[in-house]
Structure formats: structure tokens, C-alpha cells
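*Asks:* Could you build all of it, start to finish, from the sequences and the hints given here?
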Amino acid sequence: MNLLWLQSGGCGGCTMSLLCADSSDLLGSLADAGIRILWHPSLSEESGAEALDLLAACAAGDLPVDLLCVEGSLLRGPDGSGRFHMLGGSGRPMIAWVQELAARARYTLAIGSCAAWGGVTAAGPNPAGACGLQYDGEAAGGLLGADYRSAAGLPVINVAGCPTHPGWVVETLMALALGQFDGDALDALARPRFYADQLVHHGCARNEYYEFKASAEKPSDQGCLMENMGCKGTQAHADCNLRPWNGSGSCTRGGYACISCTEPGFEEPGHPFVQTPKVAGIPIGLPSDMPKAWFVALAALSKSATPRRVRDNAVADHLAVTPAIRRTGLK
Amino acid sequence: MGERIVLGPFNRVEGDLEVQLEVADGRVAAAYVNSPLFRGFEQILRGKDPRDALVLVPRICGICSVSQSAAAAAALREAMGLAVPANGELAGNLVLAAENLADHFTHFYLFFMPDFAREAYAGRPWFDAARARFKAVHGSAAAEAVPARAAFLQLTGILAGKWPHTLSLQPGGSARAVSAAEKIRLYALLREFRRWLERHTFGDTLETIAALDSADALAAWAAARAPASSDLRLFLEIADDLGLARIGRATDRFISHGAYPLAGTPLFARGVWQPETATVAAFDPDEIREDLSHAWMQGEARHPWRGLTEPDADKDGAYSWCKAPRLAGRVVECGALARQVVDGHPLARNLVARDGASVLARVVCRLLELARVVPAMEAWVQALQPGEPFCAQGALPDEAMGCGLVEAARGALGHWLVIRHGRIAGYQIIAPTTWNFSPRDAAGTPGALEQALVGLPADDARVPLAVQHVVRSFDPCMVCTVH
Ligand code: SF4
Ligand code: SF4
Numbered sequence: 001m002n003l004l005w006l007q008s009g010g011c012g013g014c015t016m017s018l019l020c021a022d023s024s025d026l027l028g029s030l031a032d033a034g035i036r037i038l039w040h041p042s043l044s045e046e047s048g049a050e051a052l053d054l055l056a057a058c059a060a061g062d063l064p065v066d067l068l069c070v071e072g073s074l075l076r077g078p079d080g081s082g083r084f085h086m087l088g089g090s091g092r093p094m095i096a097w098v099q100e101l102a103a104r105a106r107y108t109l110a111i112g113s114c115a116a117w118g119g120v121t122a123a124g125p126n127p128a129g130a131c132g133l134q135y136d137g138e139a140a141g142g143l144l145g146a147d148y149r150s151a152a153g154l155p156v157i158n159v160a161g162c163p164t165h166p167g168w169v170v171e172t173l174m175a176l177a178l179g180q181f182d183g184d185a186l187d188a189l190a191r192p193r194f195y196a197d198q199l200v201h202h203g204c205a206r207n208e209y210y211e212f213k214a215s216a217e218k219p220s221d222q223g224c225l226m227e228n229m230g231c232k233g234t235q236a237h238a239d240c241n242l243r244p245w246n247g248s249g250s251c252t253r254g255g256y257a258c259i260s261c262t263e264p265g266f267e268e269p270g271h272p273f274v275q276t277p278k279v280a281g282i283p284i285g286l287p288s289d290m291p292k293a294w295f296v297a298l299a300a301l302s303k304s305a306t307p308r309r310v311r312d313n314a315v316a317d318h319l320a321v322t323p324a325i326r327r328t329g330l331k
Numbered sequence: 332m333g334e335r336i337v338l339g340p341f342n343r344v345e346g347d348l349e350v351q352l353e354v355a356d357g358r359v360a361a362a363y364v365n366s367p368l369f370r371g372f373e374q375i376l377r378g379k380d381p382r383d384a385l386v387l388v389p390r391i392c393g394i395c396s397v398s399q400s401a402a403a404a405a406a407l408r409e410a411m412g413l414a415v416p417a418n419g420e421l422a423g424n425l426v427l428a429a430e431n432l433a434d435h436f437t438h439f440y441l442f443f444m445p446d447f448a449r450e451a452y453a454g455r456p457w458f459d460a461a462r463a464r465f466k467a468v469h470g471s472a473a474a475e476a477v478p479a480r481a482a483f484l485q486l487t488g489i490l491a492g493k494w495p496h497t498l499s500l501q502p503g504g505s506a507r508a509v510s511a512a513e514k515i516r517l518y519a520l521l522r523e524f525r526r527w528l529e530r531h532t533f534g535d536t537l538e539t540i541a542a543l544d545s546a547d548a549l550a551a552w553a554a555a556r557a558p559a560s561s562d563l564r565l566f567l568e569i570a571d572d573l574g575l576a577r578i579g580r581a582t583d584r585f586i587s588h589g590a591y592p593l594a595g596t597p598l599f600a601r602g603v604w605q606p607e608t609a610t611v612a613a614f615d616p617d618e619i620r621e622d623l624s625h626a627w628m629q630g631e632a633r634h635p636w637r638g639l640t641e642p643d644a645d646k647d648g649a650y651s652w653c654k655a656p657r658l659a660g661r662v663v664e665c666g667a668l669a670r671q672v673v674d675g676h677p678l679a680r681n682l683v684a685r686d687g688a689s690v691l692a693r694v695v696c697r698l699l700e701l702a703r704v705v706p707a708m709e710a711w712v713q714a715l716q717p718g719e720p721f722c723a724q725g726a727l728p729d730e731a732m733g734c735g736l737v738e739a740a741r742g743a744l745g746h747w748l749v750i751r752h753g754r755i756a757g758y759q760i761i762a763p764t765t766w767n768f769s770p771r772d773a774a775g776t777p778g779a780l781e782q783a784l785v786g787l788p789a790d791d792a793r794v795p796l797a798v799q800h801v802v803r804s805f806d807p808c809m810v811c812t813v814h
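Read top to bottom, the protein sequences are chains A and B. In this text, residue positions in the first sequence follow this note's numbering: the first is 1, and each later residue adds one. In this text, residue positions in the second sequence follow this note's numbering: the first is 332, and each later residue adds one.
Hint data in this document are derived by calculation from the structure and do not stem from the laboratory. Be a bit skeptical, because a hint or two may be false.
[Said to hold, decoys possible] Which stretches of chain A does chain B cover? Using the computed rule of at least three CB atoms under 8 angstroms from a CB of chain B, they are: (1) 18 to 25; (2) 69 to 82; (3) 136 to 150; (4) 269 to 283.
Glycine is no exception: its CB is placed at the ideal position from the N, C-alpha and C atoms.
*Replies:* Structure (C-alpha cells):
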């Protein structure tokens with residue numbers, strides 16, 4: 001399968017993240033799955049006119065594009081002209097190239113939340129007119145329109161995340177190459193379900209603190225980050241705490257909140273990212289599957305039952321109280 | 332004027348770049364560097380809670396996102412008047428150094444060396460070796476260096492949760508305390524990376540490389556064994572054959588913000604190298620102005636405390652989204668070469684004294700930093716004190732200003748933050764490549780790269796390789812440049 005990768009209004013971080021994949025030979029694994037990199041802006045030899053010739057051949061249909069990966073949001077400004085991102089040397093806006101290539105591609109993939117929804121580039125006044133390939137924030141549409149289907153009949157596959165996890169990209173590409181990916185593999189926002197059917201909360205190392213609502217109060221505390229520090233792990237669709245980042249990490253393991261970077265519109269949460277918005281002391285963004293009254297009642301109960309170890313460790317940056325060693329008679 | 336050629340898309344750089352050349356008699360007579368991508372982070376940041384900068388600015392750039400975080404944290408720290416505990420400084424240095432070294436490594440193996448494996452060099456004595464090792468995507472280096480880099484960046488999994496785009500760097504230090512067991516894992520990862528470098532990149536110990544003190548010493552070291560014995564030796568053979576020490580000179584005026592502070596003293600010194608006197612002068616950030624005369628931006632030249640970012644796509648005479656920063660009205664160069672010259676490393680000073688800044692000097696100094704910083708990181712890990720604080724706490728003032736100056740892999744990065752009524756009223760960023768790849772200023776003076784390209788052969792308009800070597804010798808980061 002021929003893979004063509006383009007970058008537009010993003011930071012290149014999804015490519016950099018991809019190169020952190022935990023396989024012992026990333027490029028070899030892709031080649032082994034039958035994926036041939038036609039061109040990638042960071043990796044390929046061809047520059048300038050050679051690269052433009054190659055893109056033109058793809059756009060004309062002379063060179064088939066099976067996997068069109070777009071990283072970064074699509075910049076429509078100023079005034080719909082697309083001039084905020086001209087493809088170097090071509091005199092044409094990147095959005096024109098992407099529209100033309102997407103019309104040919106067998107599969108079109110949005111790599112990262114910028115290409116999926118607009119992402120951080122669309123934050124604030126959205127100065128560059130950023131949108132995603134098939135979404136503009138939460139609204140279907142985007143650059144290609146809600147009705148767009150790639151040649152294989154699928155909508156844009158939104159491998160969302162900021163950056164996106166290398167495992168999400170590699171597995172999506174390999175599943176497509178092996179013919180093991182179809183419409184049922186996508187969730188309601190066209191994200192691969194193998195990671196989007198999970199919540200960040202699943203497997204979080206702070207789950208014991210969460211149970212007792214033993215909460216971090218300041219950066220570097222070990223407690224649950226939901227009550228004060230802005231954590232959206234109970235609502236964010238991703239498997240970050242089941243599948244490590246860079247060997248053993250995740251946002252919550254790194255000491256900071258999940259800002260739900262896989263969700264459309266995460267860039268404008270309507271509150272400071274690292275502070276939990278509350279009404280009458282109760283966080284607004286409660287776990288999506290839980291009735292509010294139950295949450296409040298259970299939280300009050302569990303707080304009153306919090307062991308001292310959990311309570312004290314929650315507001316320390318290291319284990320201040322270690323678990324008791326007790327002879328139970330059980331082996 | 333002669334022929335005008337446009338080069339782009341310029342790949343194997345970070346982000347988007349287009350270079351226009353005026354060619355006369357087969358040589359570059361003038362160069363115009365265009366950064367063709369504008370996102371507008373400085374506008375996005377205005378009106379936000381100041382702490383949101385820690386989420387937004389790393390997303391300026393995926394290759395040096397920790398540098399952006401570190402600059403934002405430093406600007407907030409100054410605004411909050413915080414002092415970082417020793418553990419916080421050590422952890423911050425470790426994360427930033429991990430990113431900077433990974434950048435040098437990525438640049439050498441994936442971005443820069445593949446140009447020597449191009450067919451145009453077939454027939455050169457070193458070509459077969461270069462092609463086997465460095466061919467883009469297919470060479471043995473890509474297969475080995477990508478996993479070595481991923482393994483090295485596991486440091487950031489422990490210290491920062493993830494890379495890129497961590498939130499662990501805070502104004503008061505690091506939100507991620509390190510345990511005693513994790514100290515050992517960090518140390519083991521560093522030793523593994525050291526072994527890889529010593530085996531493949533250098534074919535020698537890091538300490539031997541760091542101790543090379545002149546161009547002659549470097550040449551003698553290279554001659555002691557066969558070029559195929561290490562990647563650096565192979566590069567030096569290529570550089571010798573192609574004369575890479577004699578191309579790519581700009582102003583030779585170098586700036587460094589100073590890197591990796593510990594208790595007030597940076598590992599690499601802060602300052603400005605003056606080519607006239609061959610001395611280092613103090614760096615005064617008040618002398619910075621961002622000139623907008625050839626950028627698609629409205630307004631007059633200003634200091635970043637008062638800077639504006641108002642795009643104007645139809646502006647006459649403009650040819651880039653990049654502003655033109657100048658220090659006391661002058662063009663300066665930043666990066667690993669600048670850092671090592673300002674710090675006084677004898678090899679860097681001698682390379683510049685002999686031939687000025689060049690493709691060779693820039694590449695050698697990046698590799699020199701790998702050799703100098705890995706041992707420093709080993710010492711920083713050893714100095715971590717689990718159980719002692721990693722992060723100071725403080726309140727955010729409603730009215731304040733703060734400036735964060737750090738060294739990214741590519742050189743001097745500055746953030747200028749103005750807080751009014753508890754919100755961001757102004758946020759201006761000057762990235763390393765903004766210095767190096769700036770367009771002309773009001774006096775018509777070309778930026779550093781624009782100067783470095785003049786005089787190069789440009790006979791093959793499709794792929795002028797000398798131009799590519801010079802452009803990539805700066806390791807440009809275009810997403811940072813305009814931001
Ligand atoms: S920190 Fe976030 S993800 Fe972890 S347990 Fe608390 S709410 Fe869940
Ligand atoms: S933990 Fe949340 S913010 Fe962090 S990468 Fe996962 S989904 Fe994104």
C-alpha cells in the first residue's frame with residue numbers, strides 16, 4: 001500500500017510521536033506490512049521539484065495513494081483563500097492539494113486532533129481559520145464536508161490525540177494494510193475504537209486516590225487530579241493509562257491532568273485547563289456514566305472513610321505513609 | 332539580475348520552508364527565505380488564563396515542545412517571583428536536555444546525512460558507504476537510529492509523562508517527582524544511550540570527543556581510524572571532500588541565552604560573541620527589536636514587550652510570515668555552534684577562527700553537545716534527591732510581566748508574557764529559527780541564512796545540493812519560526 005503523508009497547520013508533533021513507537025524497527029515494521037512510504041516531509045529524500053512532481057502524479061491518479069495521512073489542521077484563512085499555508089514551491093494553498101488528493105485516496109486519515117477537528121490551532125479567535133478534514137470542532141463538515149467518503153467508502157479516519165499516540169497510528173495503518181479494518185472499527189466520531197472505546201481513567205495509577213476522593217491540591221501532589229487539577233480522564237476517550245507513552249508514561253503519571261486531547265473542542269474548555277470548574281464545590285464535569293446525586297453521596301461517604309495513608313500521600317510528592325504490613329493469617 | 336528559482340517544498344526540516352534564489356553565472360546572488368505557514372499562537376494566547384500558556388505553547392512545535400514549555404514556565408516563574416528547588420531544576424534540565432539531544436540526533440541521522448546518499452554523489456569515494464548507512468528511509472542508520480532515539484526518549488516518559496507536549500514543567504519546577512527506583516532507571520537509560528553513541532556515532536568515548544580542542548585535533552582524531560569506523564568519521568571524510576568547512580558562513584555574530592542552570596549558574600554560558608574582537612559581550616534583551624518591514628505583518632519594529640502580531644497577506648514588499656529580530660540592529664546567529672562558541676569550547680572557537688561559521692562547524696558542534704551533555708545528565712540524575720521537593724508553589728498575580736529565556740536545540744528561544752487583570756495581555760515569542768531564517772529588515776540587511784546562501788553554486792536548479800546542505804546545517808524549525 002502506498003502511503004502519502006502531508007503536514008499542514010499543526011506542530012509536526014504527531015510525526016515526532018510516531019518516531020517514538022516502541023517497535024524495535026518502526027520503518028521496517030511498516031515495510032513488512034506492505035506499506036511503502038511514497039513521501040513524508042520529514043523522512044523522504046525528495047525535495048523541491050522532485051517532491052512536487054511526485055505529489056502531482058498522485059493528484060493526477062498516475063501514482064495510486066492508498067493511505068493519505070494528513071497531520072495538522074487545514075488553514076482556510078485569510079478570507080477563505082488558504083494563503084496562511086501555501087505548499088512551498090507550488091504557489092498553491094495546502095487546502096487545494098489536500099482536497100485534490102483526498103478525492104483520489106483509498107483511505108484518508110486525520111493524524112492527530114488538529115487534522116481531525118482543528119485542534120489547538122483553532123483555539124482563541126482561530127486566527128488562521130483552522131478546521132479539521134471532516135470536522136470543524138464538534139460539527140461535521142470541515143474541509144472535505146460531512147459527506148466525504150474515501151475511495152474505499154469510509155469517512156476520514158480520525159486518529160485523534162494531541163499528539164496522537166504512536167501505537168494508535170501504527171496499529172490503524174497496519175490494520176488497514178492487513179485488511180482488518182472497516183466501518184465497524186470506528187466510533188461515532190470516526191475514531192478507531194480499539195483505543196477510543198477506553199477512558200483515560202482506566203488503569204490510571206491514581207485510581208485508589210480517586211476511589212476515596214483523596215485529591216491533589218497543587219502540582220507534584222500524588223492524589224487524584226479530578227477534583228482540583230482539571231483532570232478529564234473520566235470522560236476522555238483514550239487508552240493512555242493502559243498503553244504507556246515513551247516506555248512508562250502518561251499525562252496523569254507525569255503529574256498533570258488529562259485535558260481530553262482526543263476530543264473535539266478540547267482546546268477551548270471554557271475554564272483554565274489545569275483547574276477543575278465547580279458549582280457549589282462539586283466538579284461540573286462528572287464521569288459521564290454516573291448520576292450526579294450518586295456521585296455526591298458516594299464522594300461524601302468515601303471521603304469520610306479515607307485511610308490516613310491515602311489522605312496524606314494525596315498531597316505529598318512521594319510516599320509519605322507506606323502501606324502497613326499486617327499479619328492476616330492468609331497466604 | 333539573473334534567473335530566479337524557487338525551491339520548495341523544502342523537506343527534512345521541521346515544518347514549512349520555501350527558498351527563492353537569484354542566480355547569476357551559476358551562483359546564488361541573493362536569497363529570500365519564506366516561511367509559508369502562519370497559525371497565530373500569539374493571538375491565540377491573548378485573553379487566556381496565564382497558566383493556559385503551559386498547555387498551548389508546547390503545541391507550537393512538536394520537535395522542540397519542551398523548550399517552549401520551559402520558556403513559558405520561566406516567564407510565569409518570573410511573573411510569580413518563584414524560586415525553583417534543586418530537584419525541580421535538575422528534572423527540568425534533564426527533560427530539556429533529553430529533547431535537545433534527541434533533536435541533534437534526529438537531525439544528524441534523519442534530516443541532514445541522507446543528502447549525501449543522493450545519486451548526484453555517485454562516484455565519490457565515500458558514496459557507497461554513505462548510501463548504505465544514510466539513505467533516507469532505507470539506510471541502516473534509519474533502522475537503528477529511530478529505535479535508539481525512542482529508547483532514549485523513555486527518559487521523558489518517566490520525567491514528563493509523555494513527549495511531546497508535557498505539562499510537567501511548571502513555574503515552580505516539575506510536577507513529576509522522581510522516586511529512588513526511577514533514578515536508577517533514568518541512569519540506566521542514559522548509559523544505554525551513551526553506549527549507542529560511543530559505538531555508532533563516535534567510535535570513541537564521549538570524553539575523548541568532548542576533549543578535542545582544535546580543528547587539527549579533530550582531523551588527527553579522524554585520521555587515526557578508517558572512515559567506516561564511525562558515523563562522525565564518515566561525515567568528516569565527506570566534509571573534507573566537499574569542502575563543507577568553507578560554505579554556509581553568515582555574520583559570525585553568535586547569541587546564546589545560556590543553558591541548563593543550576594543554582595544560578597548555567598552549564599553553557601550566556602552572551603554575545605563579537606566577531607570584530609573575538610570576545611564575548613553581555614547579552615542585553617532590551618536591545619532586541621522585531622522588524623516587520625518584509626514580513627506579512629502590520630506595524631513598526633518593536634521590542635517584544637510591546638510586540639504585535641497582525642497578519643497582512645497583501646503587504647507590499649513582504650515575502651515571509653517570519654518577523655526579523657535584530658539585536659542592537661544587527662543580524663545574529665544562534666544554535667549549537669553559537670552556544671559552544673559563547674561558552675568558550677576550544678574546538679568551536681578554533682573552527683570559527685579558521686573558517687568562520689560553516690556547515691561543518693554547525694554539525695560538529697551539535698555532535699559535540701551530545702558528547703558534553705550526556706555526562707552532565709548522568710550527574711544530574713545522580714544529584715536528584717527523592718523525598719525532597721520538586722516543585723515550589725505560588726499564586727499568580729493579576730498584574731505582572733515575565734520573560735523566559737532558554738536554549739532550545741536550535742538556539743535562543745525567548746517568551747515575553749504580559750499579565751493584566753489576571754489574563755494574558757501580551758505574549759510574544761522569538762524562536763531560534765526566527766533569528767536564523769529572518770527575512771530582510773528595514774535597512775535591507777538579509778537574515779543569517781539569506782547571507783549564508785550567497786555565493787553557493789546553484790547550477791542544478793532542481794536539486795542544488797550545496798544549498799540544501801547549508802539550509803539543513805541550521806536544522807531549521809519552521810513551525811517555531813512563525814508560530
Ligand atoms: S487523575 Fe484523572 S484519570 Fe487518574 S484517577 Fe483521577 S480522574 Fe481518573
Ligand atoms: S491522558 Fe488525556 S490529554 Fe493526555 S494524551 Fe491521553 S487523552 Fe490526551
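*Asks:* Does each hint hold? Answer for all of them.
*Replies:* Hint check results:
Coverage of a stretch by a chain is defined here by at least three residues with a beta carbon nearer than 8 angstroms to that chain's beta carbons; for the segment 18 to 25 of chain A and chain B the count is 7, and the condition holds. For the segment 69 to 82 of chain A, the stated coverage by chain B is satisfied: 3 residues place a CB nearer than 8 angstroms to a CB of that chain, which reaches the threshold of 3. By the rule of at least three residues with a Cβ nearer than 8 angstroms to a Cβ of chain B, the coverage given for the segment 136 to 150 of chain A is violated, with 0 such residues. With a threshold of 8 angstroms between beta carbons, the proposed coverage of the segment 269 to 283 of chain A by chain B holds, since 4 of its residues qualify and at least three are required.
Checked against the numbered hints above, the structure breaks only hint 3 and satisfies the rest.
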